[in-house]
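Dock chain one against chain two, each of which comes alone in its own frame, and use the hints as you go.
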Amino acid sequence: MTPLQTQLPTWTAVAPTLLLGLTALVLLLVDSIDPDSTRPGALAGIATLGSLATLAVAGWFLLAGTGQTGSGGAIELYGGSLVVDGLSLFFTVVVASVVAMVSLASYDYLRDRTYQAEFYSLVLLAATGMSLMGSSGSLATVFISLELASLPSYALVAFLKDNRGSVEAGLKYFLVGAVSSAVLTFGISLVYAATGSLLLADVASAVGSAGDLVGIAGVGIVMIAGGFAFKTASVPFHFWAPEAYEGAPAPISAFLSSASKAAGFAVAFRVFAVGFPLDAVVPMGIDWSLLFAILAVVTMTLGNFAAATQENVKRMLAYSSVGHAGYALIGLAALSGGGPNGNVMGASMAHLLVYGFMNTGAFLFIAMVEHWEVGRTFEDYNGLATRAPAACLAMTVFMFSLAGLPPFGGFLSKYALFYEAIQGGFWWLAAVGAINSALSLFYYSRVVKAMWIEDPTGEFDLGATPVGLYAAVMVAAVGTLLLLPAFGPVVETAQSAATALFA
Amino acid sequence: MVPVQWYLLLATAVFCIGLFGILTRKNALLFLMSVELMLNAANINLVAFSAYWGNITGQTFSLFTMALAAAEVAVGIGIILVLYRNFDDVDVTLAKGMRW
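Chains A and B, in that order, are what the protein sequence lines are.
Heads up: the first sequence runs through residues 1 to 503, numbered per UniProt numbering.
Heads up: the second sequence runs through residues 1 to 100, numbered per UniProt numbering.
Keep in mind the hints are simulated off the structure, nothing from the lab.
Quick caveat: nothing in here was measured; it's all calculated off a predicted structure.
We put the CB at the ideal spot given by N, CA and C, even for glycine.
Since no wrong hints were added, every one of them can be taken at face value.
Lysine to any residue pairs mimicking SDA-like chemistry, simulated, CA-CA at most 20 Å apart:
1. B:LYS96 x B:LEU23
2. B:LYS96 x A:GLY165
3. A:LYS161 x B:LYS96
4. B:LYS96 x A:PHE239
5. A:LYS449 x A:GLU379
6. A:LYS161 x B:ILE77
7. B:LYS96 x B:THR24
Restraint ranges, calculated between C-beta atoms of paired labels, are given here:
8. A:VAL478 x B:LYS96: 36 to 44 Å
9. B:TRP6 x A:VAL222: 21 to 29 Å
10. A:THR309 x B:CYS16: 32 to 40 Å
11. A:SER209 x B:TYR84: 48 to 56 Å
12. B:THR24 x A:ASP34: 42 to 50 Å
13. A:SER445 x B:LEU30: 45 to 53 Å
14. B:LEU30 x A:ASP212: 33 to 41 Å
15. A:GLY73 x B:LEU81: 46 to 54 Å
16. A:LEU441 x B:ILE17: 42 to 50 Å
Covered stretches of chain B (chain A as the covering partner; in silico rule of three or more C-beta atoms under 8 Å from a C-beta of chain A):
17. 6 to 16
18. 27 to 36
19. 62 to 70
20. 84 to 93
In isolation and in its complexed conformation, chain B is listed as follows (with noise of 0.2 Å):
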């Protein structure tokens, strides 16, 4: 069995590529992915400590995490569909309109 500090290392990794995408990307369907990948992170851990505490709490969370992804994902694509219908594009440093 792989020791469960790998795990954590791997989801550990993911959430950075995600964090990273969020900071360096202008486009707004890429950085829906980005958060994306940050969720799946914190599921690769819920099912690996889920293994490793011996009890199913962490995957019955992930699947709640799954759902609510797809929700926050649905609300988003509505915000960035009403995004490209005033701005004609979905790249996010574009709407500025006001400022500090």
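Bound conformation, chain A alone (with noise of 0.2 Å):
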């Protein structure tokens, strides 16, 4: 096959990326021509069009092989700070599937609320910044994408300004969010005053060098690991997450969850590979891969128990999503120098592929109750089955898929993962991911309990049917199913284009 990038002007690489960002002025124009519109339709079908092309762009680039190793390696812009490759494809692929089902939905949730336009238009910049993230070839590139990525979200969580959860979620995500980004700042500082550069390439061959700045280096290395645990919701910065997730709009609990989350590991992934590789800095004493190693540990086992305690079922997905950054937190932890760092990091992110759609359909099927406004605990659900047997068929396809059962794709995700860590010779890694699995099926399997088993409370007045919140829901649940026969071409592409940043 002919390389893509020879068809094509190199620019065009990016166009996924200025996909997003054009929809989203473009939704600011429609406001300001129709400021008081009348058809909130019109704004979530520019959204959900808008993504979907993003996502089929990114699709087709992802298969036609641009910027991958079978066709002349990744392409990079201006002089190298942003880099498109089979990584940053398959993150934006991600984010846009994420935000087509996050805008589709907010169809219903929206309905009757001001500023629409606005919302939309938000979460497509922040979606923006999500897929730059992956395309970060410098850290200035790191700092602007994700700052471009946060100040929309701290926007969106305080989006319900009359809700005093939603207002104080807004509050602690972006007090932690403004912390952990000075701190990310001044690690990248320190690694420039150690090495003289931000691109990535140069900071790689100048670290091993460092001579007597190799303490500033280290130090800088942690603070951006701390930069970057923030963004995955992963320990030590995993705390804003219960609250932002519980007090946010549930539609923006999915996209951040999910996307924002999925970008977080893309930009780790990629800084940490490409940039302070382990062949360099392991000798110097900098061993990131057993501070992530630490970290995946703490951050499962502790998402996990404190889930299994929460009577809450949105608290609940909110301390299961840092379970979650866990177990991908292993495609950064199962890494040695010259091992197959590749297969673990690309089954890493084709976790995060799965997880986008089951933990989106999740937090969506949440929107959807809390638009019948059923209530918020266990107890609530109770048989919610025999109202709404349809959502709730699909709910317990994300719970089963999010534990990691067989029947779905969650289950070869999680698998993929743990067996490519245990080849790389991190058993008791897996061993401690497969106990929390076990441990996460109690408190998923309650839902599925309560909405199935358990004998209604009360009289459910559930009023008309939410469409686009159905219809995402569905497609949500009809992505987890199809990604268990589509996962080998999937792992397979993570793979290569995780190995092909280790070259």
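So, in structure tokens, the structure goes:
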């Protein structure tokens, strides 16, 4: 096959990201022409179509081999500050699919609310930042894209201005986010101090010979890891997650816990694999994979144990999201100088894609329950399946898939992740992960039990069927199921993209 | 010329003052100021080591940091305003409706 970049100008490689940004601007334009729009469907439609177009272009590039090993390697723009390769396209696909489902679902969630156009354009601007995070080839781009993803997210979490929970969630998210971005910036400045460059490739070649400044480089690397821990909701910057996800509008919780987390991992994978190669930094005593191994164990254990004690379903999902960040961290932990590193990182990427579907679906189901005003605790869900069997069936798929039970997408992605960790010699990480998965089955099945087995405590008055929300939940359920047969090609694409990082 | 280590010490001191402010203050506006201190500590590093390494990458990046710090404060002030409207105060410890 002729490489795509010989037929198209080089800049078109960032077309998926540009499309997301353009959609956000179109939404603002529509809003300024028709500020009192009585057709909320138009706004939701533009946002959904824009993200579907992004998904199509990114998927096409990924299949056509743009920026991948088979067709000339990564495409570098602006002197290497932006890189388009398999990893960035893969995570653009994840982000775009989540945004498509979230904007579809927001059509019903936002009915009768003001500032709808701003809502959609903030979501798409944040998505632009998330997509850029995967393409960051320089620590400067890392910082700017991370802020572009964070700032709209703060506003979105606090979107329900008159709702105390939403405001409190936005405040906590903002406070932790501001501190962690300051920590990240200070870390970047220390790495620059030690290496004299911000480009990841130059940092990689200079960090091995930092000489007297090796300690500064080490502190800088740890602080950068802290900044990424915030974005991925991992220990030690995880405590905003339960508050923000519980208080935020449920579609935003879905968006943040799936797309934002995936983007955080995208940028962490690239920065640590390309910028601080283990071969160069381990001889100097900076073993960041050990740091991530400890963080992975603590994150998954803490997330799962805290989730098991919750009474509020949304908060349980928030802690389960912390737990899943722990599983995905295995992709950064089970690495060794010269080992088959691309395989375990690729498995982690594939897990994040599957997680994008099942977790978005679960939060959108919560959005639907909030729309029906059913209640928030496990008891409130009792007997819900008698009234909404299709939606509850979809929720059952999400729950069992999140727990990692066999006939669903989540089983294969977890299995691949643990298998590759064992292949890399990190059997104990896989063991901790497996024990945590077994524990997680307890609280996921509580939801299923409440919906299907328990008797209803009262009458449900569900009202009209929210079409957009229903459609989004079903798309997520079908995606979760389809990723079972399609998992082979997905994990192969992810692993070849990750292997290219270590080359 | 002042040795570059002194700049590093200054930046670390400013960063720690900011961190101390975040951990001890309850007022959301003082919190924002403390974050600014931490970001500006990074700027000191960037500019000092820009001169040390003889390239302008660090200085350019410090301009980006300032612009983004301003954007962050803009969003932060917005959130603090809705906090004031809902809780009649800018004390960050008042908002504790959700618990572990």
